[in-house]
Amino acid sequence: MLICVGKATKLASDLEAKNKVYLADFEIGYATDTYDIEGKRIAENLIEVSKDNLELSFKKFIGDIKQVPPMYSAIKIDGNKLYHLARKGIEVERPERDVTIEYIKLLDFKDNKAKIETKVSKGCYIRSLIYDIGLDLGTYATMTELQRVDVGEHSLTNSYTLEQMEEMAQNNDLSFLKSIEEVFSYEKYNLETEKEFTLFKNGNTVKIKESLENKKYRIYFQDEFLGLASIENNNLLKGYKYY
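For the sequence shown, the residue numbers in the working numbering are 1 to 243.
Hint data in this document are derived by calculation from the structure and do not stem from the laboratory. Remember, predicted model here, so these are calculated numbers, not experimental data. Glycine is no exception: its CB is placed at the ideal position from the N, C-alpha and C atoms. Heads up, a few of these hints could be off.
[Stated by the list, open to error] Label-pair restraints from in silico Cβ distances:
1. D78 <-> S159: 32 to 42 Å
2. I42 <-> S175: 47 to 57 Å
3. S230 <-> I62: 19 to 29 Å
4. K113 <-> D78: 45 to 55 Å
5. K10 <-> G123: 16 to 26 Å
6. Y240 <-> G6: 30 to 40 Å
7. K122 <-> L85: 18 to 28 Å
8. E182 <-> D78: 18 to 28 Å
9. E91 <-> G6: 39 to 49 Å
10. F225 <-> S159: 15 to 25 Å
11. K207 <-> E91: 46 to 56 Å
12. R97 <-> S159: 25 to 35 Å
[To be verified] Derived SDA-like pairs: lysine to any residue, alpha-carbon spacing no greater than 25 Å straight-line:
13. K207 <-> D223
14. K119 <-> L107
15. K7 <-> N202
16. K119 <-> I3
17. K18 <-> I42
18. K76 <-> G29
Work out the full structure: start from the sequences and follow the hints.
Have a look at this one:
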């Protein structure tokens, strides 16, 4: 989990929007109402699935796909969170969502139990992905374990536990805190004039002199970080997050 503190909380949504890598375990042959092991078993179809067929199924879900979120989720429909409705035994139609699956790697498979690594866009439910893979195989599949290991450029291998951070802080070691420059890999862009600075801070589009690639940038003026912006038409700088 990425935790922002102070003014950096203004930028948290940009971090959460990054693609994520998960490790997930699942079992083939049954379904639950929550699509994971915590739910009530609602369907069963015990068939033997081969490794080749499983990997062929994965290929059908790579790229931009439509996904229906599970009923047991925090998504709101008509002001009601879906899991509140689900607990009352009410199922409603959920609109499909556009999500992207960058890859699915099969790490282990034995006796209809699989472990995968997958990289997905924001908004993708791994439970739903696994459930849909089960349906594609002519049966069901239920997630049994999930671990998020990467968010954008940030990896679980470079993270700290609360206990570790507490111990480090007691020793006046705050190296677990990361600067904006370390957190965002966007290229740096310096505003050149007071006029550009004022326009940016007031939320206006800034027309810059040079031609830049249309992408996101970290914006500075006189070495002070101001926020995040995107470039449109190669020379129109539009801020969308202000620090």
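| Distance restraint hint 30 to 40 Å, applied to the beta-carbon atoms of Y240 and G6 | For G6 against Y240, whose Cβ atoms are near 20 Å apart, the range 30 to 40 Å is violated.
| task | With 19 to 29 Å as the target window, see if S230 and I62 comply at their CB atoms. | result | Holds, at about 27 Å.
| Whether the CB-CB distance between K207 and E91 falls inside 46 to 56 Å | 52 Å Cβ-Cβ, so the 46 to 56 Å window holds.
| request: With 16 to 26 Å as the target window, see if K10 and G123 comply at their CB atoms. | output: holds (21 Å)
| field | Holds or violated: K119 to I3, with C-alpha atoms at most 25 Å apart | value | holds (21 Å)
| task | Could you say whether the range 18 to 28 Å given as a hint is met by the Cβ separation of K122 and L85? | result | holds (23 Å)
| message | Need the status of pair K207, D223: alpha-carbon distance at most 25 Å? | response | Status holds; Cα separation ~20 Å.
| S159 and D78 - C-beta distance against the hinted 32 to 42 Å | holds (38 Å)
| request: With 15 to 25 Å as the target window, see if F225 and S159 comply at their CB atoms. | output: holds (23 Å)
| request: Take the C-alpha atoms of K119 and L107, compute the straight-line distance between them, and say whether it is at most 25 Å. | output: holds (14 Å)
| field | D78 and K113 - C-beta distance against the hinted 45 to 55 Å | value | This hint is violated: roughly 38 Å between Cβ atoms.
| message | Against the 25 Å threshold, does the CA-CA distance of K7 and N202 hold or violate the hint? | response | Holds: K7 and N202 sit about 18 Å apart, inside 25 Å.
Consistency with the previously given hints fails for numbers 4, 6, 8, 17 and 18, ordered from lowest to highest.
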